[in-house]
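Visitor: One letter stands for each residue in the lines below.
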Amino acid sequence: MALDVALGGTEEIAREDNLITINMGPQHPSTHGVFRLILTLDGETVVAARPVMGYLHRSVEKLSESRTYLQDVVFTDRLDYLAAMTTNLPYAMALEKLAGIEVPERAQYVRVIMCELQRIASHMVAIGTFAADVGTFFTPLLYTFRERERILDIFEMCCGARLTLTYIRYGGVSRDVPEDGVEAIQRFVEIMPDKIDEYERLLTNNEIFIARTRNVGILPPELAIAYSVTGPVLRASGIPYDIRRAEPYSIYDRFEFDIPVRYNGDAYDRYLIRVAEMRQSVRIIEQALRDLPSGEIKAKLPRLFRPARGSAYARTESPKGELGFYVQADGKVEPYRLHIRPPSFINLTALAPLLIGHKVADVVVILGSIDIVMGEVDR
Amino acid sequence: MSGIAGGMWTTLKHFFTSLTNPVTVQYPEQRLPLSVGFRGLPRLVYDLKTGDARCVACAICASACPVGVIHMDTHRGEDGRKLLDRFDIEAGGCIYCGLCVEACPFDALTMTSGFELASYNRADLLWPKERLLVPGTAENDQNMHWIMSGVEKMGKTPPSAWPRAAQDIGVMDEVPEEAIEAAIEDAEEAEKVPAGAGTASE
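Listed in order, the protein sequences are those of chains G and A. For the first sequence, the numbering used here assigns the number 1 to the initial residue and increments by one for each residue that follows. For the second sequence, the numbering used here assigns the number 1001 to the initial residue and increments by one for each residue that follows.
Since the hints were made in silico from the structure, they are not lab data. Some hints here could point you the wrong way.
[Claimed, not checked] Computed from the model, here is a short list of chain A residues facing chain G with C-beta under 8 Å:
no., residue
1, Gly1006
2, Leu1012
3, Phe1015
4, Phe1016
5, Val1023
6, Val1025
7, Phe1038
8, Arg1039
9, Cys1094
10, Leu1117
11, Ala1118
12, Ser1119
13, Gln1142
14, Gly1150
Yeah, the Cβ is synthetic: ideal placement off N, Cα and C, and Gly gets one too.
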């Protein structure tokens, strides 16, 4: 009966059981974008939850059918707008798979450096906003954003923009990394471990933070696999699956890094996984900088990219999970079909069972710990 | 309590260091410097010596724009080459991706550091040709070439095919006829690209 109410049942049932149905509406400071959650509450406890998505739908997949492959790169920036590099990458990889393009070595290393920098930046936003949701207001957020500014300055040196980068293109990258860019990345890598320690000093052992996030929103591993959850949420539930290790793409098989795993599956574990992943990303960037070769940054390609008929799917480990692009080409300058497998959308389908039994305050914490970006949920 | 105490000690330390060494910048009185090749509003470049825009009205930028904010009107002059009547960029619609700058084979578009473009009425957000012109100084050219540094050049067009107007005055080197013909042909070729993007009318 609770489910009936959640699906828009009659008011009489609600009054009889004293259940309230409210909108944690699309306009809400803690829903990480325009996300609507219809909650059925028994007092403060959530009895049923129904997510409604689509408020940021921009028909990217349809629009891309009437634009050339190059013009579609700008759409990929705007899907997961907090992690543009890692969203440009699978699109480029799908096209390279489709047309058999080989990416030069230097471009591969630059791609890895940029994607790992982007992973750190995305986790900084995730941890900062998660802490803000929990109630630390702005302090950890501004601390992580202080270092994120360094990353955005590096991106500005390399591609002229801070957020919507359009940097990783099919065939390589759009511009080379300038000398001061390499120096800035080197300086960043040197200061970063201390800064991550500082974030941990603010949050990890904070008794209030632990009280609010430990054992909240426990996702059992069987449920995680059943819902196709990927990314830090999956690894916090005990399943050590990371596409960079399971099915290495680009040149990730040349680097030494650990895959952090935790076994409790609560919001606290998801936070700890993201912090540990930031440390591992710093390791990868150090190794990539050390081995960065000189050379071309883009494969030789015709002006108007016109791949032959065919289709390709490329998947990568974005900061939010498995991000995949499926491209179907039919010999024209625009794709026949472009489909995006967004990690936030798939992870969000696991939200409803996590919320049942928790209080309204925990809803915000659980939603924040899954780390969603509505741009890629709705496309 | 030790976790909370550790956190509070960290913020207290920052309170004192920020008094002399703040992380923030007092915008708008102070501004941070922008990098070379920063993607601000696209601008039309005019040649320093002649004062003419380098644009030859081929409209490749209009068809390269993913959102179609470049509007051009061109017509064919008596000698067969295209002349530019109108060149507008909607600053309110531009996504500052730089694809137009990368597409231009004549080095006629660059991106400047302009991002403070708010205005009090919509009409002001449409930048016409006169407002868009910037001189082809070394700095603007450096920005442009850095933006274009990874791009495949147009097949037959040499990068230095200056427009005929510059030749007529006699201050530029002779541009071979074939180069101009080839550029116009390439432009026709590029116009066949689907018009989900820009408009170019004759």
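Visitor: Indicate, hint by hint, whether the structure satisfies it.
Guide: For each hint, the structure was consulted:
no. : hint    : in the structure
1   : Gly1006 : holds, 5 Å
2   : Leu1012 : violated, 12 Å
3   : Phe1015 : violated, 11 Å
4   : Phe1016 : violated, 15 Å
5   : Val1023 : holds, 5 Å
6   : Val1025 : violated, 10 Å
7   : Phe1038 : holds, 5 Å
8   : Arg1039 : holds, 4 Å
9   : Cys1094 : violated, 11 Å
10  : Leu1117 : violated, 15 Å
11  : Ala1118 : violated, 18 Å
12  : Ser1119 : violated, 22 Å
13  : Gln1142 : violated, 12 Å
14  : Gly1150 : holds, 5 Å
The structure fails to meet hints 2, 3, 4, 6, 9, 10, 11, 12 and 13 from the earlier list, while all remaining hints are met.
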